[in-house]
Amino acid sequence: MSALVRVLWLATMWVLLWGDVSAANVISGLVVAVGVMVLLGTLRPGDVTFRPLPALHFAAYFCYKLAEATAILAREIVTPQNNLRRGIVAVPLRGCSDSLATLIANAISLTPGTLTLELDVEPTTLYVHVLHLHDPDAVRRDIHRLEVLAVRAFGSRAAITAVEVDDSRTVERLP
Amino acid sequence: MLHVVRGVLAIAGATLVLLAAVGVLRFPDLYSRMHSATKASVVGLVLVAIGGALTVEANMGKLLLATALILVTAPVGAHLLGRSAYRAERVPQTLEAQDDLARLLRPAEAPGEEEP
Amino acid sequence: MIALAMSILSLAGLAFLARLVVGPSLADRVVALDGLVATIVAATVLHVSGSGSARFVDVAVVVAFVGFVGTAAAARYIERRGG
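Residue numbers (the numbering used here), protein chains in the order written: chain A, 984 to 1158; chain B, 9 to 124; chain C, 5 to 87.
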């Protein structure tokens, strides 16, 4: 995400913490945000693309998955029998920048039955712990769907082509 | 009327947090407990926060900020914990199905087949 | 109704405490603490919305922050020392 978005986000948090939106708060928030980022050396240029309609789609899908995860988990906790089949699945992510991979990794931890354990960088692979693992390819397809939605909402054009080319092929197993 | 909605949301959210706690007690191993603590308690908190935001005008910003913070940091915390617990020696691994991560981190003792 | 929700939350807190005491490894205890953080924030939000006094909202924010930092630090420790 670009430096401007980060500065705005930090300043917003500052203003929220102070509680009321006055000129002094906003200005001091911007000053503190820029100062922090300069001090930490994180003024890295990067492209932030935000397409409102796909972002809304992603947010709606995410909220639906979150609700479904909670319902499934609630039923699972209450029922007495224990039919867990736990495993760790490797999921390749194609064409994602690092921050987008982080967003997807976080979103996966809040979807039904999955929890991100490891994010490997070269090639970008996600290792996901699953509670009921009966078909690893189904898990990879689900996560790929999430990835496509996220890339359509926040990724660059190159990422979109990379992801959608793979979308037409079937998901392959890892060698 | 709004107070009734808030009360219902509060009870629903609190029940979810209670379910998360019961799950953390009942599940047999660390990773499943993390599933429960991350997903269920965060959603319970979100429900409570939505109910609270309906009737508190002045400090809604801070309430929503605290909720957004937990929504973002809980999965990251679970990820960090799971990652280090996998590498630590004393945490037992009980996985019935495949373990792809073993090939990455412990190639010496990884299981041979990947078929579930 | 808020009182009922509060009592449910305190039961949840007790359950997390039980895991905190029992949990065989340090990671289990940190998971219990994570749940406790969520419980504390929920209880604070309930109190603020129920009593109308907005004094404790800052507590919720700070507890959320510090809880996360503590979890991250404990994760680093577990990786190095095991268990």
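Since the hints were derived computationally from the structure, they do not count as laboratory data.
Quick reminder that beta carbons are idealized off the backbone N, C-alpha and C, glycines included.
Incorrect hints may appear among the rest.
What the hints assert, rightly or not - Which chain A residues face chain B? A few, computed with CB under 10 Å, are given here:
{"no.": "1", "residue": "V990"}
{"no.": "2", "residue": "L991"}
{"no.": "3", "residue": "A994"}
{"no.": "4", "residue": "T995"}
{"no.": "5", "residue": "L1000"}
{"no.": "6", "residue": "V1009"}
{"no.": "7", "residue": "I1010"}
{"no.": "8", "residue": "A1052"}
{"no.": "9", "residue": "T1053"}
Claimed, not checked - Here are the computed distance ranges between Cβ atoms for each label pair:
{"no.": "10", "chain 1": "A", "residue 1": "S1011", "chain 2": "C", "residue 2": "V66", "range": "16 to 24 Å"}
{"no.": "11", "chain 1": "A", "residue 1": "D1081", "chain 2": "B", "residue 2": "V12", "range": "15 to 23 Å"}
{"no.": "12", "chain 1": "A", "residue 1": "A1042", "chain 2": "C", "residue 2": "L18", "range": "29 to 37 Å"}
{"no.": "13", "chain 1": "A", "residue 1": "S1011", "chain 2": "C", "residue 2": "V26", "range": "42 to 50 Å"}
Now the hints, each set against the structure:
About 17 Å separates the beta-carbon of A:V990 from the nearest beta-carbon of chain B, more than 10 Å, and the hint is not met. The criterion of a C-beta within 10 Å of any C-beta in chain B is not met by A:L991, whose closest approach is roughly 15 Å, and the hint is violated. Interface hint at A:A994: violated, since its Cβ lies 13 Å from the closest Cβ of chain B, which is beyond the 10 Å cut-off. The beta carbon of A:T995 comes within 9 Å of a beta carbon in chain B, closer than 10 Å, and the hint placing it at the interface holds.
Contact between A:L1000 and chain B, as hinted, is supported at the beta carbon level, the nearest pair being about 7 Å apart and thus within 10 Å. Taken as an interface hint, A:V1009 does not check out: its beta carbon lies about 13 Å from the nearest beta carbon of chain B, beyond 10 Å. The criterion of a C-beta within 10 Å of any C-beta in chain B is not met by A:I1010, whose closest approach is roughly 18 Å, and the hint is violated. Hint status for A:A1052: holds, given a least beta-carbon distance of 5 Å to chain B, under 10 Å.
Interface hint at A:T1053: satisfied, since its Cβ lies 4 Å from the closest Cβ of chain B, which is below the 10 Å cut-off. With their beta carbons about 20 Å apart, A:S1011 and C:V66 fall inside the hinted range of 16 to 24 Å. Separated by about 46 Å at the C-beta atoms, A:D1081 and B:V12 break the suggested range of 15 to 23 Å. The beta-carbon spacing between A:A1042 and C:L18, approximately 35 Å, falls within the hinted interval of 29 to 37 Å.
Checked against the given bound of 42 to 50 Å, the beta carbons of A:S1011 and C:V26, roughly 47 Å apart, stay inside it.
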